[in-house]
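Protein chains in written order, with the working numbering: chain A, 1 to 219; chain B, 1001 to 1479.
Just so you know, the hints here were simulated from the structure itself, not pulled from any lab data.
Treat each hint with caution, since some may be false.
Partial selection, computed: residues in chain B whose CB lies under 10 Å from chain A [as the list claims (entries may be wrong)]:
no., residue
1, Met1205
2, Glu1209
3, Ala1275
4, Leu1360
5, Val1415
Below, a list of computed lysine-lysine pairs in the DSBU-like style, where the Cα atoms sit at most 30 Å apart [claimed, not checked]:
no., chain 1, residue 1, chain 2, residue 2
6, A, Lys48, A, Lys76
7, A, Lys101, B, Lys1109
8, A, Lys48, B, Lys1357
9, B, Lys1123, B, Lys1153
10, B, Lys1357, A, Lys45
11, A, Lys81, B, Lys1182
12, B, Lys1168, B, Lys1109
13, B, Lys1160, B, Lys1182
14, A, Lys132, B, Lys1357
15, A, Lys99, A, Lys172
16, A, Lys150, A, Lys172
17, B, Lys1123, A, Lys99
18, B, Lys1357, A, Lys107
Stretches of chain A that chain B covers, calculated by requiring three or more beta carbons in the stretch to come under 8 Å of a beta carbon on chain B [said to hold, decoys possible]:
no., segment
19, 87-95
20, 134-148
No residue lacks a Cβ here, since even glycine has one placed at the ideal position from N, Cα and C.
Okay, here's what each chain looks like letter by letter:
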Amino acid sequence: MKRILLVCMLFVSTLLSSCGDNRVHSQAVYMLVDTSGTYAQEMGKAAKIINYLLATLNPGDSLAVAKVETRSFTEKDIVAKVTFDKRPSQATIQKRAFKSKIEEFSKEIKGSAFTDITGGLIQGAEYLNETKAGNRTIVIFSDMQEELGKGTVRDFPIKLDGIRIVALNVTKLNTDNADPRIYLDRLARWEERVRKAGATDWVMVNDLENNMESILSTR
Amino acid sequence: MMDWHSWLFWPDRVALSVLTLGILVMLFLYAARKPMHGVIHSVCHLVTQSARFLSRWLFMTAESLRLRNLSVLMSHGQESATTLIEREFERVVAIINKDLQEFPVLQRKLLEEVTRIEEDYHKCGEVPPPPPEWVDAIESVAQIKSGGDIPRKMLEDINKSILKIHEKTVAEYRRSYEDRHKILKGMQPSWRSVDKLMGEMDKKMLTLEGNAKQIDGHIAKYEGMRAGDKKTEHALTSSAFVQLAISSLVMVIAMGGAFINYKLIALPMSEMVGASDYITNNLKTSDVAALVIILMEASMGLFLLESLRITSLFPKIASMDDRMRHRLMIASLVFLIILAGIESSLALMRDMLIADKASLMRDLASAAPVVEDGWFTRIPMAGQMIMGFVLPFALAFVAIPLEGVVHSLRTVLGVLLVQTLRGLGFVIRFTGVLFKRFAKVLELIYDLPIVIPLLIEQWVVALRGSPTAKVKVKEGSAS
């Protein structure tokens, strides 16, 4: 009887503890929110996207939200970051806390003079690589118009190996309206740059009402 | 691709070339006729012989398999019949121990009642009235010839006395009858008691008789199995098919229950083992853990029924001594109750997790919180908890159809295998027979293109005349 019990317990514990490589299934998202100039007014939409991400991400996944400022290659620009607990109940508590952090941030938002998207991308790639998640995504909530301040050097090749880049709500500027080629060239340049950097995919989503599910890759 | 012109001797004269080629081919085929017939015959013979050998082997294998199946079927049937007979005997023993043990008491009671009835019967016997002594006195008075009025007076006095005595006697007689009737009335309960006791005895005897008849039926079946007759074999095989169908149906229902059980605990299990742990690419650890819990419940149910001797899948458990078996039964039951308790609490946790997630979703969507509508909103939660507790016990009974499937599947598969082997043997045998006839057909087909040289050969042979035929003709004419 004891032997049977021992074998049963060993079997169950082996089954329960012997897990595969869980990192392959986990997802990590780094969201860059443009706070420069007039784009800071779009924070309401950004909050909706963050809520969507919070609703969609599962226990064990990671999420970080950072602002794009004059120089964005710094941890200080990360507004909130979390790796959700494996237990669903704890993950729900963490999601609530994350949401309240974002709400606080959206109240205190200040527009920056310049827009350092590249710095944000490098910072995001660093964070995502640290999570060792199977699916890594950088979400850029911006008009993709990079404006660098004096002394900010970003014209060098960056590394985005295995990362998916999603550009959200890429609004058209006044100049774009005058000459749409500027807008198209800007997007083409970004796509070329991220693909050259090793990104697995480049996705652009402007219809946030109906195409939100394109933000995350299907597992 | 090869150009057909390369086959022509003279490409500019196609007809001549084809004719020459045809003649050459014909000559070659005619020359190779005997060896080719030999080859065709040999190949067909080889195929026929091989097919015959193979089919014979298949039939023999099928027969040996049938015998093996029969022996297993009979042994299993005998085992079942033995169990049934044992159960019937146990029932008979129980009846004898329980009911017939009371028979001496019953008999004593009956004898007492009978004695009482007898005594009462004797008591109520008719007492004859006293002899009329006054008749002699009247006769004596009547013989007095003289005396005047004296005899008349005496007779009148006697008459008066007689009337008095008569009235008294009649009254006494009536009283005596009244007493007897009372005694008879008092006998009524005793008769009823006797009747009841006899009825009870009769009923018990009838039950015993029924059991005896059932034992007789089982013994007859058992004898049939021991004799190994076709009727019993057929009955047992049909029974195995029916058993498999019923057991499979019950198993499918049980699987449905297990699936619902699985759905009930898969989500809350992620709270225990983590929601993001995977065993393989698509297999979550929490799902496997839920499955393991269900399988453990089924196993505990199996052990419980085994130790209760309802099923007999594990001979080791069946052969355990009663004390050990009893311990195993209690242990299985305790484990089952614990697992049912765990499942019930997991069902509660599932409800809580779902409610928590729904609340978060409302928060994220900035929707208004749902107002609690009272106690009936908790009915699903209570239902889930009850289901979580009850389903493991229901799942425990899956051991019974499982045993049915295990036992009947062997017979059914054996029968199907025998039929398949026989069918295969028949097809191969038929192919062999076809090839036997096919040799002649192939020879005729071969002779078809060389029909002209064959006709020439026949003509030449006829022209020359066979020397043997000539000799025979000569011998015939000489005789």
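Status of each hint after checking the structure:
This hint is violated: Met1205/B has a C-beta 46 Å from the nearest C-beta of chain A, more than the 10 Å allowed. About 45 Å separates the beta-carbon of Glu1209/B from the nearest beta-carbon of chain A, more than 10 Å, and the hint is not met. Given the 10 Å rule on beta carbons, the hint for Ala1275/B holds: about 4 Å separates it from the nearest Cβ of chain A. Evaluation of the Leu1360/B hint against chain A yields a held restraint, the C-beta minimum of about 5 Å falling below 10 Å.
Given the 10 Å rule on beta carbons, the hint for Val1415/B is violated: about 36 Å separates it from the nearest Cβ of chain A. Of the supplied pair hints, the one linking Lys48/A and Lys76/A holds, its CA atoms being roughly 23 Å apart against a limit of 30 Å. A hinted pair counts as satisfied when its Cα atoms are at most 30 Å apart, and Lys101/A with Lys1109/B does not qualify at roughly 94 Å. The straight-line distance between the Cα atoms of Lys48/A and Lys1357/B is roughly 18 Å, inside the 30 Å bound, and the hint therefore holds.
With a C-alpha separation of about 43 Å, the suggested pair Lys1123/B and Lys1153/B falls outside the 30 Å cut-off, and the hint is violated. Distance restraint check for Lys1357/B and Lys45/A: the Cα-Cα separation of roughly 23 Å lies within the 30 Å cut-off, and the hinted pair is therefore satisfied. Proposed proximity of Lys81/A and Lys1182/B is contradicted: the alpha carbons are some 107 Å apart, above 30 Å. Using a Cα cut-off of 30 Å, the hinted pair Lys1168/B and Lys1109/B is violated, with the two alpha carbons roughly 42 Å apart.
Under the criterion of a C-alpha separation no larger than 30 Å, the hint pairing Lys1160/B with Lys1182/B is inconsistent with the structure, at around 33 Å. As the CA atoms of Lys132/A and Lys1357/B are separated by approximately 27 Å, the hinted pair is consistent with the 30 Å bound. For a cut-off of 30 Å, the pair hint linking Lys99/A to Lys172/A stands: about 29 Å separates their Cα positions. Straight-line distance between C-alpha atoms of Lys150/A and Lys172/A comes to about 25 Å, which keeps the hinted pair within the 30 Å bound.
Our distance criterion of 30 Å between C-alpha atoms is broken by Lys1123/B and Lys99/A, whose separation comes to about 107 Å. A distance of roughly 26 Å separates the Cα atoms of Lys1357/B and Lys107/A; the hinted pair therefore holds under the 30 Å criterion. Here the segment 87-95 of chain A counts 6 residues with a CB under 8 Å from a CB of chain B, which clears the bar of 3, and the coverage holds. Judged by the Cβ-Cβ criterion of 8 Å, the segment 134-148 of chain A is not covered by chain B as claimed, because only 0 of its residues qualify and three are needed.
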